[in-house]
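2 protein chains.
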Amino acid sequence: MNQVKQKIVIVGGVAGGASAAARVRRLSETAEIIVLERGPYVSFANCGLPYHLGGEIVERDALLLHSPESLMARFGLNVRVNHEVVSIDRAAKLVSIRNRLTGEMYSESYDSLILAPGAAPILPLLPGLDDVRVFTMRTLPDLDRLMAAMTAEIKHVSVVGAGFIGLETVEALRHRGLAVSLIERSEQVLAPLDSEMAAPLKQELTVHGVDVLLGESLAKIESAKHLTLHMESGRLVQTDLVVLAIGVKPENQLAKEAGLVIGSTGGVLVDNQQKTSDSSIYAVGDAIEVKHVVNGKSILLPLAGPANRQGRIAADVIFGRKSTYRGSQGTSVCKLFGLTAASTGLNEKTLQASGLDYRKLYIHAGDHAGYYPGASLISLKLLFAPESGQILGAQAIGEKGVDKRIDVLAVAIQAKMSVDDLAEMELAYAPPYGSAKDPVNLLGMAGQNMQSGLLESIYVEDLEQAIAGGAQVIDVRESEELGGGMIPGSQSHPLSLLRSGALTISKERPILVYCQAGLRGYIAQRFLLQNGYQVKNLNGGYLTWSMYQAARKSQR
Amino acid sequence: MNQVKQKIVIVGGVAGGASAAARVRRLSETAEIIVLERGPYVSFANCGLPYHLGGEIVERDALLLHSPESLMARFGLNVRVNHEVVSIDRAAKLVSIRNRLTGEMYSESYDSLILAPGAAPILPLLPGLDDVRVFTMRTLPDLDRLMAAMTAEIKHVSVVGAGFIGLETVEALRHRGLAVSLIERSEQVLAPLDSEMAAPLKQELTVHGVDVLLGESLAKIESAKHLTLHMESGRLVQTDLVVLAIGVKPENQLAKEAGLVIGSTGGVLVDNQQKTSDSSIYAVGDAIEVKHVVNGKSILLPLAGPANRQGRIAADVIFGRKSTYRGSQGTSVCKLFGLTAASTGLNEKTLQASGLDYRKLYIHAGDHAGYYPGASLISLKLLFAPESGQILGAQAIGEKGVDKRIDVLAVAIQAKMSVDDLAEMELAYAPPYGSAKDPVNLLGMAGQNMQSGLLESIYVEDLEQAIAGGAQVIDVRESEELGGGMIPGSQSHPLSLLRSGALTISKERPILVYCQAGLRGYIAQRFLLQNGYQVKNLNGGYLTWSMYQAARKSQR
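Going line by line, the protein sequences match chains H and V.
Okay, so the first sequence: first residue is 11 according to our numbering, each after it adds one.
Okay, so the second sequence: first residue is 11 according to our numbering, each after it adds one.
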């Protein structure tokens, strides 16, 4: 196949499209490769936009990874920016193209067509959204417009939507010294996390002076000298500029009009070789629907990593190479001021919504050995299957080492590993990097204990009902640790005295023990259980309890 | 089994022994648990010793994780420090114990015995080694003695042995402002790495003022006002103190005298349940021999992580729980000044020595997106099986993000993953943390290209012969990159001009292309190959070539 001169047309020249084009060239020097990019730039760093806004990336040019000229020189790609494909004639294998600068229309034939049009910002149909002071943050021109609007008079900016782009934009605006309001419809920030895991992000935003409005939906924008944002609740926010970061939707119109099958999510449907319902047309990146590797469900998952890999796979398949996409697992990470939050696989919300059976556990462990300076806690949540112990999902938040643990857990999900496998992982240990028992090992060991019945857990959300049912709550932390607060209604029985002291705890009522992070509670639980008590350990201890309280408070 | 009161005696109270003891208690409140520790401390942070020496860990007490009292209070453990087990009567199930403070002898019976005596520093039989100014760095008393000897007159210290402890000790001594010589018998530092991967560590040591002597064996120590170290080569080093960090050997004497089977490596032989040849006696940690998960060979691998996990497994097995140790893979990491070096699985030296067939590849990639500030290169080496592509080993060195990639690759080895799996890994990406194609993905993609014949590589070590055979060496870097040097005899043909320019390169002779890190060389290789040239890409490019040159220079 390599011998026949092929003509490959690629719609979209950023992540997936650019990857596909470069791979096609490596596979065939004779192929004619035409990349049609609607916007004025190809291969730009869209993930870097917020960081240029915030000033960390000083030079705008740093975001331009390639130009049409450099792609021609390096790969012999015929890249046409400001050229939009407006229709596909599948029977004739032709695309119609509009030159957006001149208005000129023309067509190109193709042997294979790769669709990589990406996704577009969701723009709700709200009054006032057409004000010139309302921006999105998807492309370099979007960023250029926003930055041009940031004159000295601009003092306050509102960001609508608390996903990755929203949070990164908020941080960037604070770096610029602006007052910022963050408006999010749901009761938490960063939807890929469960609400208790996202609670520290809300606190981090507040600490950094961001006005966070959760559970507030924008209803309309009133334009005057300033903008007035009206929430559905009636609440008002006065602001100078608005950045909409509600989310994105797949650019499916071209595919839809060409009669290609669109998935139930709105993404272009492809098989595991990136083929659409037309075997000469491939689609990759944010425009498509993917299968989740854990539950097999069709989802939209606009992420740069999968887009790049899919582009490479489409090129491989066109040239007859065995290459398949295995699905996505939603591994993602977000830096927010001093915190890093990351997740992989399914979260608890999704597991509950899909009716899948699962177990969960929390740990809070140092990113490295506690005796080596600079250690900080990582809070981890693990979701796994009750029978097999197979890992279904994981979330983590902390100052350091968060991305490492989520990467390790992402590979564990990819390999269909279980809690047993986590317990046995041999990770790189020296005091500056980890612990002899890494947090991931601890997750596995706690999971094993849960699976084998050694560790009987109660979860924060079940605490109230258990107390109402007569359970006694025992705080086993040492007395000097209690200054930061205790769970209301709990009694202090420090672990260091539990074994030696006469046990004054009643055996009549069930006991719920907790410590700071869960481990000492487990030790106390094993002691009390074997001494004839009915006892459960509060999973994740006081720290998890605090995260739940913070999440709940956000929801009020 | 839990119901019968068991008596468990544990020899050694640090990593593996302490883990076993705590786990036994969690499994059984009725068990009598006696921990006999020969030294004056239990459960101390032996991995932290060099960091206290260097002053990063300010408080000595930070290294004492537990005391006999705290272990009694928390776990009801009967811990006896300064108590040495001198013999085992297997028939009677008795151990004889010497109280090292009083000289008193007594015995204890056991139902199960767990041996966790650790390893001892290797002390060669050399004249002068008994000088009081010669130290080891294995226990807290070792460290105390060394630190007490560091009076103001001490200006120069020599460290013998460039393994983990040796390197960490060198850095600590430099932190204290001392002049340091590092003496290592082999031609490289940090034996778990291959020599070219270790070369940057040598440079880092030199940059930080360390006098590094490779390929030098200590022959004797001459004691006078100062110490004079005589090398076998005749070279002399004047010094004030010596720290011996040549390595450790398993403490097998007790087991040997008891007639337990000792493995060919000198480590106590155990099965995958940590059982010795006597089914009532278990052994864990640095004293035992383990199986390497990649090649199944019996090895000594004194690491804290495996020791801790083995202790837990021994306890589980005693109480009838299904728990097995799967072998070790030698994942390790070392911080040296500004560099981190880490490895997992087998290295090339070992693969060659064991006659295993393998492929290898090098990449040099940013720890995170190049357009986000602060990115630095990680050099990675991957070893994999020719047919299956299964990962056999990996090494990495760089300033940041090294431990993360090696952890990911360690899990890949554990899961028996191949280069295909690496290419498809979905790791957490945002510009501060990685790239849309993570270095691990790049390893996988390069491995796939090698497997499928797209990427034809030549290695640095074969370059001379190829050139002698008539190959032309082409440097495809841009002209502004050449200031740092080129491979002798190479011609410059920048990639940006290769495609447009008239090709002046002869088709008669085979071509070897290289760029800085390997990727652009690959692009050039694909272009030239498809234009009728015989061409190979120098794997890892100029950077790998430089690492080889540095390693070679060390060996001169």
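Calculated directly from the structure, the hints in this document are not laboratory data.
Treat the hints with care, as some may be off.
[To be verified] Just a few of them, taken from the derived set where beta-carbon distance is under 7 angstroms, the chain H residues facing chain V:
#1 140
#2 287
#3 318
#4 440
[To be verified] Taking lysine-lysine and the DSS-like style, the derived pairs with C-alpha atoms no more than 25 angstroms apart in a straight line are:
#5 H:410 / V:410
#6 H:426 / V:410
#7 V:332 / H:370
#8 H:301 / V:426
#9 V:410 / H:15
#10 H:332 / V:370
#11 H:332 / V:426
#12 V:359 / V:301
#13 H:426 / V:517
#14 H:17 / H:370
[To be verified] Rough simulated footprint, nothing fancy, chain V against chain H, three-plus residues with beta-carbon under 8 angstroms:
#15 236 to 250
#16 491 to 501
Backbone N, C-alpha and C define an ideal beta-carbon position, used for all residues, glycine too.
Hints, one by one, checked against the model:
1. A least Cβ separation of about 31 angstroms between residue 140 of chain H and chain V goes past the 7 angstroms threshold, and the interface hint is therefore violated.
2. Checking residue 287 of chain H against chain V by beta carbon gives a least distance of about 24 angstroms; that is not within 7 angstroms, so the hint is violated.
3. Taking 7 angstroms as the C-beta contact cut-off toward chain V, the hint placing residue 318 of chain H at the interface holds, the least distance being around 5 angstroms.
4. The closest approach between the C-beta of residue 440 of chain H and any C-beta of chain V is roughly 5 angstroms, which is under the 7 angstroms cut-off, so the hint is satisfied.
5. The suggested pairing of residue 410 of chain H with residue 410 of chain V holds, with an alpha-carbon distance near 12 angstroms, which does not exceed 25 angstroms.
6. Under the criterion of a C-alpha separation no larger than 25 angstroms, the hint pairing residue 426 of chain H with residue 410 of chain V is inconsistent with the structure, at around 29 angstroms.
7. With a C-alpha separation of about 22 angstroms, the suggested pair residue 332 of chain V and residue 370 of chain H falls inside the 25 angstroms cut-off, and the hint holds.
8. Of the supplied pair hints, the one linking residue 301 of chain H and residue 426 of chain V holds, its CA atoms being roughly 24 angstroms apart against a limit of 25 angstroms.
9. A hinted pair counts as satisfied when its Cα atoms are at most 25 angstroms apart, and residue 410 of chain V with residue 15 of chain H does not qualify at roughly 44 angstroms.
10. About 22 angstroms separates the Cα atoms of residue 332 of chain H and residue 370 of chain V, which keeps this hinted pair within 25 angstroms; it holds.
11. Restraint check for residue 332 of chain H and residue 426 of chain V: satisfied, since their Cα atoms lie roughly 21 angstroms apart, inside the 25 angstroms limit.
12. Pair hint residue 359 of chain V plus residue 301 of chain V holds up; C-alpha atoms about 18 angstroms apart against a cutoff of 25 angstroms.
13. Restraint check: the Cα-Cα separation between residue 426 of chain H and residue 517 of chain V comes to about 49 angstroms, which exceeds 25 angstroms; the hinted pair is violated.
14. Restraint check: the Cα-Cα separation between residue 17 of chain H and residue 370 of chain H comes to about 51 angstroms, which exceeds 25 angstroms; the hinted pair is violated.
15. Interface restraint, the segment 236 to 250 of chain H with chain V: violated (0 residues with C-beta to C-beta distance below 8 angstroms; minimum three).
16. Interface restraint, the segment 491 to 501 of chain H with chain V: violated (0 residues with C-beta to C-beta distance below 8 angstroms; minimum three).
In the structure shown, a violation is registered for the earlier hints numbered 1, 2, 6, 9, 13, 14, 15, 16, in ascending order.
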